[in-house]
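J.: Protein chains in written order, with this note's numbering: chain S, 1 to 242; chain C, 1001 to 1295.
None of these hints come from the bench; they were simulated from the model.
Glycine included, every Cβ here is placed at the ideal spot set by N, Cα and C.
Watch out, some of these pointers could steer you wrong.
Stated by the list, open to error - The following label-pair restraints were derived from C-beta to C-beta distances:
| hint | chain 1 | residue 1 | chain 2 | residue 2 | range |
| --- | --- | --- | --- | --- | --- |
| 1 | C | THR1106 | S | VAL33 | 47 to 53 Å |
| 2 | C | ARG1092 | S | GLY147 | 22 to 28 Å |
| 3 | S | ILE164 | C | ASP1120 | 56 to 62 Å |
| 4 | C | GLY1058 | S | SER37 | 55 to 61 Å |
| 5 | S | ALA169 | C | GLU1073 | 45 to 51 Å |
As the list claims (entries may be wrong) - One-sided excerpt, in silico: chain C residues whose CB lies under 8 Å from chain S:
| hint | residue |
| --- | --- |
| 6 | LEU1050 |
| 7 | ASN1051 |
| 8 | VAL1053 |
| 9 | ARG1054 |
| 10 | GLU1071 |
| 11 | ALA1072 |
| 12 | SER1076 |
| 13 | PHE1080 |
| 14 | GLU1084 |
| 15 | PHE1087 |
| 16 | THR1088 |
| 17 | LEU1091 |
| 18 | THR1095 |
| 19 | PRO1102 |
| 20 | TYR1103 |
| 21 | TYR1104 |
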Amino acid sequence: MIRPAVALLRKDLRTTRIFWAPMAFSYGVFLLVVMESRWAFLGTGAALAFVAAVAVLAIDDRYMSEPLNAALPGTRRGLVGGRYLGLAVVTAAALALFLAFAALIRAGFADRAAGLSALLTVQGAAAFLIGASLAGIVFLPFYFRSGFWRGLWSFLAAGLGLAIAILYAAPRLVPAGACPLLQARPAAGAFGATIRGLRALAWLVDNALGRPPVFAAAAAVVAALIFASYRLSVRFYANRDL
Amino acid sequence: MENALEIRNLRKEYPGFTLRDVSFTLPPGAIMGLIGPNGAGKTTVIKLILNVVRRTSGEVRVLGLDNLAREAEAKSRIGFVLDESPFTGFLRVGTIGSVVAPYYATWDAGRFRDLCREFDLPRGQRVNALSRGMKMKLALAVALSHSAGLILLDEPTSGLDPVFRRELLDRLQGLIQDGRTSVLFSTHITSDLERVADYIACLRDGELLFSSTRDEILDNWGLVKGGPDLFTDGHMDLYRSVRSGPYGWTALTADRDQARRRLAGKGAAIEPVRLDDLVFFLGGGPGAGRERPHD
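Isolated chain S (complex conformation) (with noise of 0.2 Å):
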């Protein structure tokens, strides 16, 4: 399986590499656009990570090279554990460039861009990480299900719906009267819950994932989730007629 799979990676990376350069330029000046908000600039940052590790499947897509890959040598597996490893390089190079821009935008703009200092943490780069790999191991199974674009459909439904509940969960997990944001008077309706939500997370990334306890909770949560999204991939893909 391996084999298949790093030559897959291989391809992907060979096939993209003319948008490396691009992407990292633009990469920087999405980030430069939002760096006032360091929430804004990690949720831009993982958002784009995301964007950057399924632009390989949309450019297979576009060539409909995927019965090109089934008919190499190698498995459905294979090309599942490919996507997957994929996913993990790009990943963790976007967190590289994201941490190298933060520092360099919080150098070069000190004054407004004072908030980066927290995102270069190790809870900085764990919410990243987290983000960013939830996102597409959330997409992954869809997208073997179905294809690129209605898999991305079913994802961004599939997304929204996750994204309701981790909001809504979030603030049940902050310890009562610990965030005093969480204590002022809600706004009204969906809104209002989506603000709580937000300031929960915000807390929870502040204060709780520098925690080892946590931080290794969290870990294992996602590890769980990546190998039930791999479980789903593989199975997904085993029966699919390309």
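Mind docking chain C on chain S? Use the hints.
T.: Structure of chain C alone, referenced to chain S:
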């Protein structure tokens, strides 16, 4: 020596189409042509061999290897050309080789370079800028660059100019001279098969009508032409398909000698068959059938 390809009771069910229990064998060092009208299942058979689509039931063995149980090994010994170019359009011809190379332990970069040169493929050209025929040549160059034991070609000659088509057929014949390499190719251009194929398999509506040597088909099958009295119930067992036209009736028979004996003195013209006649008669369509034509 193992057969290059053994297909037993291969079945694939799609909504609206079923490939029904296809079985045939391709010996080593031979070329087999897969013929049949559009939608007969030719591409499906090739995709099933490559596991690009999943079979409902049946068995496929490539050079003795089960194509599911030993999928990677089996596929590493297959060179293939799919019906549509699957290469990323913005990559250059030379890059395609390096993209595919890691999949094959036996990849020969020098051979790929030589083939690109022979096929007049500019290595710096982007795939997008190639014509359909040139894309086909590129796919062929990839298929022939890793010493495959079985070459699968889905409509390889469509879009090629006659000169290169002839060159390709010659090359295929050259490939099998080692006695180990075999070729299975689907085509609509039956004259190509008459030139190079050792075996012919014919599909219609997902069913294998026959699989036999080319010589056996060309020697034994024939066309019977004549008036309606030749198409009475007493003779209908001779015919595989009958078509009526403005100038009489024509039937396809699988036994030309028997037809000659039984129809002697009845004004029948019995002619050798060509492969495109087979596709025409066995492919269904207007005027085809086995029932006695009415005058």
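J.: List, from low to high, the hint numbers that the structure doesn't satisfy.
T.: none
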